[in-house]
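A.B. asks: Chain order of the listed sequences is Z and U. Anchor point for the first sequence: position 109 equals 109 in the numbering used here, and the numbering is continuous, going up by one each time. Anchor point for the second sequence: position 137 equals 137 in the numbering used here, and the numbering is continuous, going up by one each time.
Calculated from the structure, these hints are not laboratory results. Each hint should be verified, as a subset may be incorrect.
Listed next, the in silico PhoX-like pairs over lysine-lysine satisfying Cα-Cα at most 25 Å (straight line) [claimed, not checked]:
{"#": "1", "chain 1": "U", "residue 1": "K157", "chain 2": "U", "residue 2": "K139"}
{"#": "2", "chain 1": "U", "residue 1": "K139", "chain 2": "Z", "residue 2": "K247"}
{"#": "3", "chain 1": "Z", "residue 1": "K4", "chain 2": "U", "residue 2": "K102"}
{"#": "4", "chain 1": "U", "residue 1": "K100", "chain 2": "Z", "residue 2": "K272"}
{"#": "5", "chain 1": "Z", "residue 1": "K227", "chain 2": "U", "residue 2": "K232"}
{"#": "6", "chain 1": "U", "residue 1": "K102", "chain 2": "Z", "residue 2": "K276"}
Everything numeric in this text was worked out from a predicted model, so none of it was measured.
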Amino acid sequence: MNRKPLLHLFEALMVIFLVIFLYPFVIVFINSAKDSFSVTQYPMRLPENWGQILLNMKSILTSENIRYASSFLSSIIITAVSLLAVTILPAQAGWVLVRAKTKTSQFIFFMFVAAMVVPFQIVMFPLISWFRTIYEVTGIKLLRTYPGIILAYLGFGLSLSVFMYHGFIKGIPFELEEAATIDGCSKPAVFYRIIFPLLTPTHATICILHGIWIWNDFLLPLLILGKGNKIQTLPLAVANFAGAYVKQWDLILTAILMAMIPVIILFLLAQKKIIKGMVAGSIKG
Amino acid sequence: MKKINGNNLTFWLFLAPVLLAFLMIIVIPFFVGAFYSLTDWNATARTGAELKFVGLKNFTDSFADPAFLYSFIITTIFTIINVIAINVVSIALALVVTSKLKLRNLHRVGFFIPYLIGGLILGYLWQFIFNNAVPAIGKAIPFMGFLADPENLLLSKVGTSVIALVIVASWQYAGYIMMIYVAAIEAVPTSLYEAAKIDGVNAWQRFRYITVPMIAQAFTITMFLTLVNSFKQFDVNYALTAGGPATIFMDKPIYGTELLAMNIYRTAFVSNNLAAGQARAVIFFIVLVIITLVQVRINKKKEIEL
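Build the full structure now, drawing on both the sequences and the hints.
C.D. replies: This is the structure in structure tokens:
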């Protein structure tokens, strides 16, 4: 009989815990609506004037240091194009690797899987000097450009992608492709018309896994795009800004808020899919 | 019926873009880097300038550098505490959100949110919390006055700064690891628990003798993810402590919370010693491979035993 009240108590305690757990986000929100004085003097109080949040947001939007709008756009371009690259290209590679049962194909697949343990740190310095060499020899500019950073994300993301597509395609019956070939479908058409649409769950998982990584990544953009570049991602912008205005917490927190909002909205819209995708990815990877 | 074979045009055509990116981004830099770590490569050297082969000098120099040794030690400490903290917290959370709790779905979503935000942004946010919000709590609540004392700021001392790093890193990561445990717990057949309940087995024993063995496979994954992730930590370190506060190690003033990834970065770009940074990255890579192999082997063995 006394189990019921205990359960209620437990539920209440967990709600309190959840509020505390998420309170850092509340702190960002309430302090984005304060001026520079009260943000450091009374960081835990509710703001006196909520309208201040709009003023702070305006400062961020017009700030020369953060260039929010252009950074946001750059982040979207880099993430979107990288995701296209890191799904389509590894999907077709995974398909031919599964269907060609040769030593070469096994060896190539093994190379991709082995590369998953290679940390970014060991290739980052030589990568930059190698990009510079390419520029000096061929004139193709990869440092501080979109193609360069997207190529880098393809390179670092493809191992996991190929691995996951490979695993999924193995489970697709070959008879499906045979039927299409008999009907006169060419090899590339078989892939793009029949196999590619079947891979939708894997596409979703890969976009979620790689999307969170690329959107939030800091070190790779820092090295390839560099500081003070016209092209900068949101984390780079926040880092530059927080470094330049060490004590301007009202604006730093507003910048943080504005960097978080799009991600949180996207997550709340598709949370079931995202959580499922993340878990599926980790278990296969 | 033509089958795709190794010499087929489609095979190489479909593989070409991925192979090219793989060569350009991973393979060539990897081997060039291994070579550079044995030379006197530095930032001022232009391409084509002659590199001098110096053998293992960069490696022996690294191990003679107190800053590097210290960062190795502090990274190990951070990794151990962080792995334990994340796994304990996420198992506890996973048990909560798979219980009969009415709001369990809300809790799942809530605990997961920090994982969506990058470590860099969270690092700055928590810097504000530790340096401003916590003292404000101390000022407002009488018996918590000690929190307002600048002496007691977490980020003012090395030991507590490491704790601060663990708090932020595990706060960020626990929700994600929790979801992996949740998936494993939900896959355990409920009939096992019911049978145990009928036999009068208490809650702790049910956890220890049913849940733990049944989710052993998840342990392999979560241990791997948390170990590697902690060992590679950079973003939170960069934004939250930036390596500070300073400390003395082997009679040399150094950064007190400089984790390995940051030490490598700074050696190359701040001290402009690319070859030494590269040598440290090679050491980092080797340690990472060893950790991975040992950890997977131990856990695989455990999985069978349980």
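A.B. asks: Check each numbered hint from earlier against the structure, then list the numbers of those it violates in ascending order.
C.D. replies: none
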